[in-house]
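Peer 1: Residue strings, one per chain:
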Amino acid sequence: MPDAIQTLLLECESIFRFVQKLLKQAVARPFEWRETVRQCFEIGNRSLFLICFTAFLSGVVFTRQSRPSLSSFGAESWLPSLVSQAVIRSLGPLITGLICAGKLGSNIAAELASMKVTEQIDAMEVSGTRPFSYLVVSRVIATTLMMPLLVVFADVIALFGSYLTVHTINNTSLQLYLNEVSVVITFLDIFSSILLATFFGFAIGFVGSYAGYTAANGTSGVGKAANNAVVISMLFIFIIDLLSLQIINLFR
Amino acid sequence: MEKNEVKQRVKLGAFVITGALLLVVSLLFIGTASNLFSKTFTIAAIFKNVEGLKEGDKVWLSGVQIGTVKSVRIVKVGEVIVSLSLKEKQNDFIRKNASASIGSDGLIGNRIVVIQPGNSKEVIKDADTIKAISPADTQEIINIAKEVGENTRSITLDLKAISDKVNKGQGIIGELLNEGTFAKDIRKAVSSFKATGDQTNKAAQSLTNLIDEAQHGKGILPTLINDTSFVSVFKQTLIHVKKVSANAASMSTSIEAVTAKINTKNNAVGVLLSDTVAAAELKAIIKNTESASVKLDENLEAFKHNFLTRGYFRRKAKADKKALQKPSESK
Amino acid sequence: MVDATNDTVGNKAIVAFLHNVKKSFNGVEVLKDISLELHQSENLVILGRSGSGKSVLIKCMVGLIEADDGDINVLGYDVRHLEPKALNEMRQQVGFSFQSSALYDSMTVQQNLEFPLTRNLGLTNKTELNDKVIIALQDVGLEGTAQKMPAELSGGMKKRIGIARTLILNPKIMLYDEPTAGLDPITASEINELILSVREKYKTSSLIITHDISCARHTSDRVIALVDGKTKMEGTFDAIKDTSDADLAPFFNY
Numbered sequence: 001m002p003d004a005i006q007t008l009l010l011e012c013e014s015i016f017r018f019v020q021k022l023l024k025q026a027v028a029r030p031f032e033w034r035e036t037v038r039q040c041f042e043i044g045n046r047s048l049f050l051i052c053f054t055a056f057l058s059g060v061v062f063t064r065q066s067r068p069s070l071s072s073f074g075a076e077s078w079l080p081s082l083v084s085q086a087v088i089r090s091l092g093p094l095i096t097g098l099i100c101a102g103k104l105g106s107n108i109a110a111e112l113a114s115m116k117v118t119e120q121i122d123a124m125e126v127s128g129t130r131p132f133s134y135l136v137v138s139r140v141i142a143t144t145l146m147m148p149l150l151v152v153f154a155d156v157i158a159l160f161g162s163y164l165t166v167h168t169i170n171n172t173s174l175q176l177y178l179n180e181v182s183v184v185i186t187f188l189d190i191f192s193s194i195l196l197a198t199f200f201g202f203a204i205g206f207v208g209s210y211a212g213y214t215a216a217n218g219t220s221g222v223g224k225a226a227n228n229a230v231v232i233s234m235l236f237i238f239i240i241d242l243l244s245l246q247i248i249n250l251f252r
Numbered sequence: 001m002e003k004n005e006v007k008q009r010v011k012l013g014a015f016v017i018t019g020a021l022l023l024v025v026s027l028l029f030i031g032t033a034s035n036l037f038s039k040t041f042t043i044a045a046i047f048k049n050v051e052g053l054k055e056g057d058k059v060w061l062s063g064v065q066i067g068t069v070k071s072v073r074i075v076k077v078g079e080v081i082v083s084l085s086l087k088e089k090q091n092d093f094i095r096k097n098a099s100a101s102i103g104s105d106g107l108i109g110n111r112i113v114v115i116q117p118g119n120s121k122e123v124i125k126d127a128d129t130i131k132a133i134s135p136a137d138t139q140e141i142i143n144i145a146k147e148v149g150e151n152t153r154s155i156t157l158d159l160k161a162i163s164d165k166v167n168k169g170q171g172i173i174g175e176l177l178n179e180g181t182f183a184k185d186i187r188k189a190v191s192s193f194k195a196t197g198d199q200t201n202k203a204a205q206s207l208t209n210l211i212d213e214a215q216h217g218k219g220i221l222p223t224l225i226n227d228t229s230f231v232s233v234f235k236q237t238l239i240h241v242k243k244v245s246a247n248a249a250s251m252s253t254s255i256e257a258v259t260a261k262i263n264t265k266n267n268a269v270g271v272l273l274s275d276t277v278a279a280a281e282l283k284a285i286i287k288n289t290e291s292a293s294v295k296l297d298e299n300l301e302a303f304k305h306n307f308l309t310r311g312y313f314r315r316k317a318k319a320d321k322k323a324l325q326k327p328s329e330s331k
Numbered sequence: 001m002v003d004a005t006n007d008t009v010g011n012k013a014i015v016a017f018l019h020n021v022k023k024s025f026n027g028v029e030v031l032k033d034i035s036l037e038l039h040q041s042e043n044l045v046i047l048g049r050s051g052s053g054k055s056v057l058i059k060c061m062v063g064l065i066e067a068d069d070g071d072i073n074v075l076g077y078d079v080r081h082l083e084p085k086a087l088n089e090m091r092q093q094v095g096f097s098f099q100s101s102a103l104y105d106s107m108t109v110q111q112n113l114e115f116p117l118t119r120n121l122g123l124t125n126k127t128e129l130n131d132k133v134i135i136a137l138q139d140v141g142l143e144g145t146a147q148k149m150p151a152e153l154s155g156g157m158k159k160r161i162g163i164a165r166t167l168i169l170n171p172k173i174m175l176y177d178e179p180t181a182g183l184d185p186i187t188a189s190e191i192n193e194l195i196l197s198v199r200e201k202y203k204t205s206s207l208i209i210t211h212d213i214s215c216a217r218h219t220s221d222r223v224i225a226l227v228d229g230k231t232k233m234e235g236t237f238d239a240i241k242d243t244s245d246a247d248l249a250p251f252f253n254y
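Chains as they are written, first to last, in the working numbering: chain F, 1 to 252; chain X, 1 to 331; chain A, 1 to 254.
Don't read these hints as lab results, they were simulated from the structure. Everything numeric in this text was worked out from a predicted model, so none of it was measured. Be careful, since some hints might not be right.
Restricting the straight-line Cα-Cα distance to at most 25 Å, the calculated cross-link-like pairs of lysine-lysine (PhoX-like) are [claimed, not checked]: (1) 96(X) / 121(X); (2) 11(X) / 232(A); (3) 125(X) / 54(X); (4) 54(X) / 70(X); (5) 7(X) / 126(A); (6) 85(A) / 172(A); (7) 85(A) / 24(F); (8) 11(X) / 48(X); (9) 201(A) / 32(A); (10) 3(X) / 126(A); (11) 76(X) / 131(X); (12) 54(X) / 87(X); (13) 39(X) / 96(X); (14) 121(X) / 54(X); (15) 12(A) / 172(A); (16) 103(F) / 224(F); (17) 39(X) / 7(X); (18) 148(A) / 7(X); (19) 11(X) / 125(X); (20) 32(A) / 203(A); (21) 103(F) / 48(X); (22) 21(F) / 85(A); (23) 103(F) / 11(X); (24) 54(X) / 7(X); (25) 232(A) / 3(X).
Away from chain F, derived, C-beta distances all over 10 Å, residues of chain X [to be verified]: (26) 5; (27) 20; (28) 26; (29) 30; (30) 32; (31) 41; (32) 49; (33) 60; (34) 73; (35) 92; (36) 95; (37) 104; (38) 120; (39) 125; (40) 126.
Note that beta-carbon positions come from the ideal geometry of N, C-alpha and C, so glycine has one too.
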């Protein structure tokens, strides 16, 4: 048992050092602009299609699933407001977060772990580059910046999917749909959703980088790092979601 | 390599700009819905009871949303200040003597503030306070209308009972009544009663309709303000009620005259009448009609003090004055 | 032992030395009091079994791993106490060929070779970069691969590109970490030839870490045997190949 506690404490210490290093390197000059931009492209553009596709489907499914219970007491006209609140407050960020945790978290962790195993990180260091800033800072910044954008896309696409569903069932016009949505959605909803996504992005980038950068040597280390990254970042996403709900409700 | 990178950056730029645009557009959209961007002015109204009205609820003028509720504050018990944030463009339509009331935009829907534009020449300005009709007032109007209806109905029933008896010529009174000046007088009274009965029936009907509409509609005030046809119905009803009261008054005087004759002459008929059940009934009728007319007058008084009908009565009073002055001039 | 060195190499200048270097990981001593010197223009082979701390040794020399104790001096730089800027200066003059070649997977060969140029030297001129890349590729005999991705290359080619990437900075010292590991004998001997030709062309002093006897035989001027984190024997390949030491004999007789 004391061994387990020691391992845990050592892990905490190593995470703390990682955060410290991350913050230090994030402000250190020179900033790796080019690599950050490249990572933004890899993370943002390359995930866009997947996110849009999933968001669209979940918009459609969520609308169809909530319709029966609403229509059972004749409140089918509330469908747009119900769906839009659900999508913008929770569903959009959550879906984007979980998919990115799966896609980006594992990607980042596996990439960094394999770079570590094949000494690419060492090679960078002897080539006059701070690998931490080149690899980790750029990725964490990219995920943190791109996630909110992806959430905006996810929200819009999910609402569009929901609109198409409502339209086919009730023949609701786009104008009416948008009106109903804009009445129930507040600035707070949108900003909190974007803030939430920013935290999700940071968590995904951080967990992925940490798992990859501290991976054990050998090929099994790569797999383990990717696996850990996905599991832990998904866990983080739910925890952050819950915490932010508590905090946002203070303002609501 | 360079080419590839430029391509990537262009795509990334497109992605970021599209995302930012979507965000801005949706923010603008929501902003317009809660009128955050159009120029606004603020007016206030003090209610007794706001029935769950809260910040952000809509403000309607003629069924069009023209603003939102900015804040709801209790100043003291029975006094709630509601400030309304209205679109600048709409202030031309709202006059200084406008009033606000609280309604609902659906069966389980949100509370709304309905503004009645008013008719004074002065246009409302920023930070003005307008009159508020608390929901309690709405209830009062309905209660008054109900009372009128009930009273008129009870009068009608009484009148029917007596006229039935009189027509059938029941008992000695009937025989007596069918001959002589006495009988004529009484007959006149009865026919007058009949007329009153019809009138009151009509009035009661109208009022009942109105009440039904008020109960099944969306609150009496918004409908009254927003729909001119309702206003005319209401006015007609008031005219009817007025007629009823006038008839009842004349009726009671004629019946009084009859009883006076009976009582003073102290003849056989008088004795008979004063001793029989019929006499008691007749007295009761008189009492009823008198009280009915008093009640109607009271109701009318209430109507007069009500904001909706105040204008009508004022005009009426003016017209009456003119009518009085004209004959005196011609003399 | 020390006498033997002096006989064969003579009094050439020392370009790098380690003095009493110690390093342990999680309480396990990997390097126990290591001292050695690298002379001008010599090929020094460090021979040892896997896990004897060879890689740790040369990583300590370029500051990738911090030694716990002792002095490390490379080209006059006190490696253990260097400012980042001086460390970078030192690293520009020391080529490091990694065991796994360490080519950046996400970049083409061209980008891989440009990386140290833009990073270490801060070069941006396109034609200058191109020229240097072409020369470096010619030196390792792989001119046509500039636009390929590392995944498309064989193990031997990767090794060569890895070496080219370090040569591109004109290093004074080359550190080879297991240059022939994982290669077939023919490719391995090609790499051995390359190591020798690199010395010819670039006048480098090289430290070659290997467990491959044929590599040691081909490339070495001098051999140091490393056993359990200590230097066990030192001399020319021919001088130590007939050793009767229980730890080393199996190496030469297998």
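Peer 1: Against this structure, judge whether each hint is valid.
Peer 2: Comparing the hints with the structure gives:
A threshold of 25 Å between alpha carbons decides the hint, and for residue 96(X) with residue 121(X) the separation of about 8 Å falls inside it, so the pair holds. Between residue 11(X) and residue 232(A) the CA atoms are separated by roughly 60 Å; this puts the pair beyond 25 Å, and the hint is violated. Of the supplied pair hints, the one linking residue 125(X) and residue 54(X) holds, its CA atoms being roughly 23 Å apart against a limit of 25 Å. Simply put, residue 54(X) and residue 70(X) have alpha-carbon atoms about 9 Å apart, close enough for the 25 Å limit, and the pair holds.
Restraint check for residue 7(X) and residue 126(A): the C-alpha separation of about 19 Å stays at or below 25 Å, so the hint holds. With a CA separation close to 18 Å, the supplied pair residue 85(A) and residue 172(A) stays within the 25 Å bound. Distance hint between residue 85(A) and residue 24(F) is fulfilled; the C-alpha atoms sit about 17 Å from each other, no more than 25 Å. Restraint check: the Cα-Cα separation between residue 11(X) and residue 48(X) comes to about 60 Å, which exceeds 25 Å; the hinted pair is violated.
As the CA atoms of residue 201(A) and residue 32(A) are separated by approximately 35 Å, the hinted pair breaks the 25 Å bound. The suggested pairing of residue 3(X) with residue 126(A) holds, with an alpha-carbon distance near 13 Å, which does not exceed 25 Å. Only pairs whose Cα atoms come within 25 Å are accepted, and residue 76(X) paired with residue 131(X) is accepted, the gap being roughly 17 Å. Distance hint between residue 54(X) and residue 87(X) is fulfilled; the C-alpha atoms sit about 19 Å from each other, no more than 25 Å.
With a C-alpha separation of about 20 Å, the suggested pairing of residue 39(X) with residue 96(X) holds against the 25 Å cut-off. At roughly 31 Å between alpha-carbon atoms, residue 121(X) and residue 54(X) are farther apart than 25 Å, so this suggested pair is violated. A distance of roughly 15 Å separates the Cα atoms of residue 12(A) and residue 172(A); the hinted pair therefore holds under the 25 Å criterion. For the proposed pair residue 103(F) and residue 224(F), the alpha carbon gap of about 15 Å is at most 25 Å, so the pair holds.
Among the hinted pairs, residue 39(X) with residue 7(X) is inconsistent with the structure: their alpha-carbon atoms are about 44 Å apart, more than 25 Å. Only pairs whose Cα atoms come within 25 Å are accepted, and residue 148(A) paired with residue 7(X) is accepted, the gap being roughly 20 Å. Restraint check for residue 11(X) and residue 125(X): the C-alpha separation of about 52 Å exceeds 25 Å, so the hint is violated. The hinted pair formed by residue 32(A) and residue 203(A) fails the criterion: a straight-line CA distance of about 31 Å is larger than 25 Å.
Among the hinted pairs, residue 103(F) with residue 48(X) is inconsistent with the structure: their alpha-carbon atoms are about 59 Å apart, more than 25 Å. A C-alpha spacing of about 19 Å is found between residue 21(F) and residue 85(A), which places the hinted pair at or below 25 Å, so the restraint holds. At most 25 Å may separate the alpha-carbon atoms for a hinted pair to count; residue 103(F) and residue 11(X) meet this at roughly 20 Å. In summary, the hint linking residue 54(X) to residue 7(X) is not supported, as the alpha carbons are separated by about 52 Å, beyond the 25 Å threshold.
Restraint check: the Cα-Cα separation between residue 232(A) and residue 3(X) comes to about 55 Å, which exceeds 25 Å; the hinted pair is violated. For residue 5(X), the non-interface assignment is contradicted: its Cβ lies about 7 Å from the closest Cβ of chain F, within the 10 Å cut-off. In this structure residue 20(X) is not separated from chain F by more than 10 Å, as the shortest Cβ-Cβ distance comes to only about 8 Å. The Cβ of residue 26(X) sits about 7 Å from the closest Cβ of chain F, inside the 10 Å cut-off, so the non-interface label is violated.
Non-interface call for residue 30(X) relative to chain F: violated, since the shortest CB-CB distance, roughly 5 Å, does not exceed 10 Å. The claim that residue 32(X) is not at the interface with chain F is violated, since a C-beta of that chain comes within 10 Å of its own (minimum 8 Å). At the 10 Å boundary, the C-beta of residue 41(X) stays outside the reach of chain F, the nearest C-beta of that chain being 22 Å off. Every C-beta of chain F lies more than 10 Å from that of residue 49(X), the closest at about 25 Å, which supports listing it as non-interface.
At roughly 14 Å, the least C-beta separation between residue 60(X) and chain F is larger than 10 Å, which holds for a residue marked as non-interface. Interface exclusion of residue 73(X) from chain F stands, the closest Cβ pair being 20 Å apart, more than 10 Å. For residue 92(X), the non-interface assignment is confirmed: its Cβ lies about 25 Å from the closest Cβ of chain F, beyond the 10 Å cut-off. The claim that residue 95(X) is not at the interface with chain F holds, since no C-beta of that chain comes within 10 Å of its own (minimum 29 Å).
Interface exclusion of residue 104(X) from chain F stands, the closest Cβ pair being 16 Å apart, more than 10 Å. Distance check for residue 120(X) against chain F: the nearest CB is about 33 Å away, which clears 10 Å, and the non-interface claim stands. Its beta-carbon lying about 29 Å from the closest one in chain F, residue 125(X) satisfies the requirement of being farther than 10 Å from that chain. Every beta carbon of chain F lies more than 10 Å from that of residue 126(X), the smallest distance being close to 24 Å; the non-interface claim holds.
Hints 2, 8, 9, 14, 17, 19, 20, 21, 24, 25, 26, 27, 28, 29 and 30 from the list above are not met by this structure, while the remaining hints are.
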